[in-house]
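> Single-letter residue listing:
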Amino acid sequence: MRPFTYTRAENLGEAVAALAANPQARVLAGGTNLVDLMKYDVEHPAAIIDINRLPLKEIEELPDGSLRIGALVSNSAVAYDARVAERYPLLASAILAGASPQLRNAATTGGNLLQRTRCYYFYDPSTPCNKREPGSGCAAIGGVNRIHAILGASEHCIATHPSDMCVALAALAATVEVEGPDGRRDIPFADFHRLPGDHPEHDNTLKHGEIVVAVRLEGNHFAAHHSYLKLRDRLSYAFALVSVAAALDIADGMIVDLRVALGGVAHKPWRDTLAEAEFAGQPATRETFAAVADRLLAGAEGQGDNDFKIPMAKKAIVRALSQAAEGTPQVQSEKQLR
Amino acid sequence: MQNEKNIIGFPLPRIDGPLKVTGTAPYAAEYDEPGMLVGHAFYATIASGRITSIDTSAAENFPGVVKVYTHQNRPATASSDDAWKDEVALPGHPFRPLENDRILYDGQPIALVIAESFEAARDAADLIRVDYEAEEPHTDIEVEQAKSYPPPVPRKEAFLPSDPRGDADGAYAAAPHKISAEYVQAGEHHNPMELFGTTVIRAEDGSLTVYDKTQGSQNSQGYVCGIFGLKPETVRVINAYVGGAFGSGLRPKHQLFFAVMASLDLKRSVKVEMSRREMFYLTWRPPTVQRMLVAADANGRLMSIRHHAVQTTSLYEDYQENVVNWSGLAYKCDNVTLSYELAKMTVSTPGDMRAPGAATGFLALESAIDELSYEVGMDPLEFRIANFVDYDQNDDLQLTSKALDLCYRQGAERFGWSKRSPLPASMRDGQDLVGWGVATGVWEATLSPAEAKVRLFPDGSITVAAAASDIGTGTYTILAQIAAQGLGQTADRVSVLIGDSSLAKTAVEGGSWTAASSGSAVQAGCFEIRKTLLSLAQKLDSSPLAGASVEDLAIRDNRLVLDRNDQVGLSIADILGSQGMSSVEGHGKVAPDEEQAKKFVSYTHSAIFTEVKIDAELGVPRVTRVVIAVAAGTIINPKTARSQVLGGVVMGLGMALHEESMIDHRSGRIMNHNLAEYHVPAHADVQDIEVIFVEEEDDKASPIGVKGLGEIGIVAVGAAVANAIYHATGTRHRHFPITIDKIMEGLPN
Amino acid sequence: MDIATADTQPKNRVALTINGNRQDLEIHPWVTLLDLLRGPLHLTGTKKGCDHGQCGACTVLVDGERVNSCLKFAVTLDGAEITTIEGLGTPDDMHAMQKAFVEHDAYQCGYCTPGQICSAVGLLAEGRAKSREEIREMMSGNICRCGAYVNIADAIEDVMGHGSDASQKEAAE
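Residue numbers (the UniProt record's numbering), protein chains in the order written: chain A, 1 to 338; chain B, 1 to 749; chain C, 1 to 173.
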């Protein structure tokens, strides 16, 4: 770890100003990823701006019926919030699929969005990594890449986004509220994270100086038909090899609206809204779901060690959509799949 | 009555338990004194080559840093390999930290930062810059096995493959049922929860008290004295509490060397603790490739076994395990050929990890036996029973006992094996495929030389002192129970002092031998006490014990009495008082019985039954039930004994399903060097495990009838899980660990 | 208390209430709660197993909630109440969870144990685990390499007040 200066921000404006003023500054909230990365010398900020005292810890209902989750609300608090559990059970389930109770108690909503990849090479500063050190190369390509991307990767980076929560937020088409030197703006969830392309050093579209202040969720029709299905190398406390956030709006056995977001397969929570739209009006059956899976994975490419993720993702999509259709969402403490 | 007295056979809660659960049991890195310096190692980021330059200037200038050591300024140490060899060293050249510019393996320590705080040492180490001249690494066992060789110097005679018997090739060719298969097991790391750490407290006279994470305080002491030319009386090593080791603490680690080196050089007290990452650059269970050819006749009688193993070792030492000899003794078979070779790689020397050799060998043997049972068309359990053998065919020796038949029977009954549907992929539970698997386990029951000093006081209190270790095994507790039994007391009157090199000589704690060895030494010490007391009592005028012999005696209620009539006797206080003595000591010593070893050999046995449930579509595996029946002679404490076996099973589940140290063979580097990506079993992975200890009396395995339990729990788990997965899915997996992707790809359509 | 080091880098003031005792400290901002406890404060009951939130050995209760102390810079916790294993009980006066761990042999080497116990106390306070399966899931942030999981679940169920069949059977034996 490198020495840094520490500032405790007393209000949002102060935090934004301090962050904007120093390109080497980082915002610290729950710390579950940033402190981890600082200890591995992957992140070495010169200045830490502690935003834990900012008033961003509320979950509020907005007049339009949407729910606004403050950036500092802990993952646990979101997962166990009665309104979230009732209206967005997919989100609650995804959060509970991730990490451990201790980490969920500390980790925040905003921080979860900003989690960095678990790529072995990103985590090891002695190896080339374009995300960590632009231009140095990607050691994961041709290396140990069991946990890497099958969709949307580039020749510069095959890392995946590790969050479970974000997969549900992608499916639910959340909105990210950010505050920056130029004021507040909304970022649609699909536009928040990005694909690696030529600039894998950028995980997302946040500009330096901007701070996530809240995540908003609009009303939805998915509470009855949803499931978060996570597959991993052990039954708990492990990152996803593949995860699926599935949400359906079904009327008379036919799909009104279908959402599928994938975790563990791409640089961002993977969603293809054009593909989803093709299945509106079709019967909510396994046959349809298999077609959805084939469609979503059509462009998938394995890297060797992770080739299995393509069939795994397809099967997981079918299963998660089936669980959603039947109203039997996966319960994260139950290890037998439904 | 035994139960009331908290003695042998009673499930006494650990006597060190209250300290452990309140955080007051101190581990090696938890000792402190004002002004202590802290060290942090810096490690190589290539697997093979040379350091061409190393720049420590930024680290040296970092606030709080006292000194940075590299190969360029390391203080002089002993020059001969012999001086560097610890008591369980291997053939070859022991690794010497900071010896020269040569890099032998990924993560090799190449610098040590000493600072005034942990943070300063850690953070300064990040500023060290190194240039290397890298050479091609060699880390893939499946490639390097082409260059394998029989170890020129055996680690132990017993590890040499047993001589061939019969005609394995001919019998194989002639047999109607045969299996030929290759099994590959990934490298694994022990990952005890406690990080390797050493605290050296330096006294004003220069003597050192060394708190070391080790499985043998006297081994660490000897190692330090050898390297630095110190007199044993100036170095005392303490390992009172050891936060797990599983074999990783048998040989001294570099943090011990570093802490002592810096303490001697700087004349200060020094602490060095590893990071979790460094724990992946140490001793490990070596990647292994095994070839099995097994054959049976039409009735399921084993006709031929050929077992060839190639294991990974380092460039500088020839680590060896007994992988293949199990195949010559587990079942009756008259045609056996066993062979064992090593492949040198640019890796750190492997080391013993829970049931070394057996956990690996049985993975292949018990998978192949299972495959053969299906080939013959017999129930896998019946097949094993049909090939039961009651002597050691490798060396033509009798067994001291073998209640494996009881393990099969009681385990099968508890598990409900008779309800098993024979065909693979024929049992379902909703969406799950269900598979039941069985496997046999064997581990050697050995006695190592051990001593213990037992002291009895007139009030009935007892002390037991030995350099033995408790690495979570329950040594404190069982030694108290044995002493209590031997001196007619309850265990709460016994103070156990262990984990200190200044106490009675004891070998490293390993190989499941501590209970048998140190336990027998304590029992012998108690016998010595009774003998001494009798001779003292017989000096008294008109002693009621005048004509008694020591075999007739017992101690009850603080009295030395005739066992058959405890009205006849004398109080301990009176006996000691008559001689003006305040206590009496017995120095117990045990060693292997060489004469007996010419006729007998001793093993622990297990039969393990597992149920896996596998999602029929996605392949998610769950081990939902395990029943393990163990024959291990006398069980001193059923509570701690059960825990030993549970722990072995859980580690075996990791070996079967999750654990793999993943190497990038381009660079020769381990990439998942953390507990997020190296998956040891978590709570959610472990469901019901039932442990049965079958009755087994054995008066030859050790004087107290104990065979040992540290290893037997893990031996057969990997194969039992693989066999259950086969039964569930119809796909045989021969590459371990059997991760979810492999299972998914092998699901029936 | 000023935690002395030779360097002159700036320190920050932080007030923590640890096991009921208020401590006013001046520390470098890069000192984690775990290293503060184990080092300067000599509260070595909290264990370092990975230092990265991957094992749970460092679990303590911060304002009643279980967290990994290795991932918290102490300076960020100004004003917090922290309970470590030492604050739950002593060898002569153990907390019910500590007693249950001893009774059920819910440990072997003992190194992950303080974290397991703090986590279990946090679990009970949360009140969300109702079944053995839920206990296992919600204790999965605490790795035990000795493999004492079955006994840990027994101990927690015991304190929750409905021992499992297995643990009752064992107790009866």
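Warning: the hint list may mix true and false statements.
[What the hints assert, rightly or not] Covered stretches of chain A, as calculated for chain B (at least 3 residues, CB under 8 Å):
| no. | stretch |
| --- | --- |
| 1 | 64-71 |
| 2 | 114-124 |
| 3 | 131-143 |
| 4 | 229-235 |
| 5 | 310-323 |
[Unchecked claim] Listed below are the simulated DSBU-like cross-link pairs for lysine-lysine, each with C-alpha atoms no more than 35 Å apart in a straight line:
| no. | chain 1 | residue 1 | chain 2 | residue 2 |
| --- | --- | --- | --- | --- |
| 6 | B | K742 | C | K130 |
| 7 | B | K453 | B | K231 |
| 8 | B | K419 | C | K11 |
| 9 | B | K453 | B | K344 |
| 10 | A | K207 | C | K11 |
| 11 | C | K99 | B | K639 |
| 12 | B | K453 | C | K99 |
| 13 | A | K57 | C | K11 |
| 14 | A | K57 | C | K130 |
| 15 | B | K639 | C | K130 |
| 16 | C | K130 | A | K314 |
| 17 | B | K267 | C | K11 |
| 18 | B | K147 | B | K344 |
| 19 | B | K599 | B | K85 |
| 20 | B | K539 | B | K599 |
| 21 | B | K67 | C | K11 |
| 22 | B | K742 | A | K314 |
Simulated from the structure, these hints should not be mistaken for lab results. Ideal Cβ positions, reconstructed from N, Cα and C, are used throughout, including at glycine.
> Each hint: holds or not?
Evaluated hints:
1. Look at the stretch 64-71 of chain A against chain B: 0 of its residues bring a Cβ nearer than 8 Å to a Cβ of that chain, fewer than three, so the hint is violated.
2. Proximity of the stretch 114-124 of chain A to chain B, defined as three or more residues with a beta carbon under 8 Å from a beta carbon of that chain, is established by the 5 residues found.
3. For the stretch 131-143 of chain A, the stated coverage by chain B holds: 3 residues have a C-beta nearer than 8 Å to a C-beta of that chain, and at least 3 were required.
4. With 5 residues having a Cβ less than 8 Å from any Cβ of chain B, the stretch 229-235 of chain A passes the three-residue criterion, so the hint holds.
5. Interface restraint, the stretch 310-323 of chain A with chain B: holds (6 residues with C-beta to C-beta distance below 8 Å; minimum three).
6. In summary, the hint linking K742 of chain B to K130 of chain C is supported, as the alpha carbons are separated by about 34 Å, within the 35 Å threshold.
7. Distance check on the hinted pair: K453 of chain B and K231 of chain B sit about 23 Å apart at the alpha-carbon level, within 35 Å; holds.
8. Taking the CA atoms of K419 of chain B and K11 of chain C, the gap is near 68 Å; set against the 35 Å cutoff, the hint is violated.
9. Using a Cα cut-off of 35 Å, the hinted pair K453 of chain B and K344 of chain B is violated, with the two alpha carbons roughly 44 Å apart.
10. The suggested pairing of K207 of chain A with K11 of chain C holds, with an alpha-carbon distance near 30 Å, which does not exceed 35 Å.
11. For the hint linking K99 of chain C to K639 of chain B, the alpha-carbon distance of about 15 Å falls within 35 Å, and the restraint holds.
12. Simply put, K453 of chain B and K99 of chain C have alpha-carbon atoms about 31 Å apart, close enough for the 35 Å limit, and the pair holds.
13. Between K57 of chain A and K11 of chain C, the direct Cα distance comes to roughly 28 Å. Compliance with the 35 Å bound is thereby established for this hinted pair.
14. Restraint check: the Cα-Cα separation between K57 of chain A and K130 of chain C comes to about 28 Å, which is no more than 35 Å; the hinted pair holds.
15. For a cut-off of 35 Å, the pair hint linking K639 of chain B to K130 of chain C stands: about 26 Å separates their Cα positions.
16. The suggested pairing of K130 of chain C with K314 of chain A holds, with an alpha-carbon distance near 34 Å, which does not exceed 35 Å.
17. As the CA atoms of K267 of chain B and K11 of chain C are separated by approximately 29 Å, the hinted pair is consistent with the 35 Å bound.
18. At most 35 Å may separate the alpha-carbon atoms for a hinted pair to count; K147 of chain B and K344 of chain B meet this at roughly 8 Å.
19. Annotation: proposed proximity of K599 of chain B to K85 of chain B holds, straight-line Cα distance about 33 Å (limit 35 Å).
20. The suggested pairing of K539 of chain B with K599 of chain B is violated, with an alpha-carbon distance near 42 Å, which exceeds 35 Å.
21. Distance hint between K67 of chain B and K11 of chain C is fulfilled; the C-alpha atoms sit about 24 Å from each other, no more than 35 Å.
22. For a cut-off of 35 Å, the pair hint linking K742 of chain B to K314 of chain A stands: about 16 Å separates their Cα positions.
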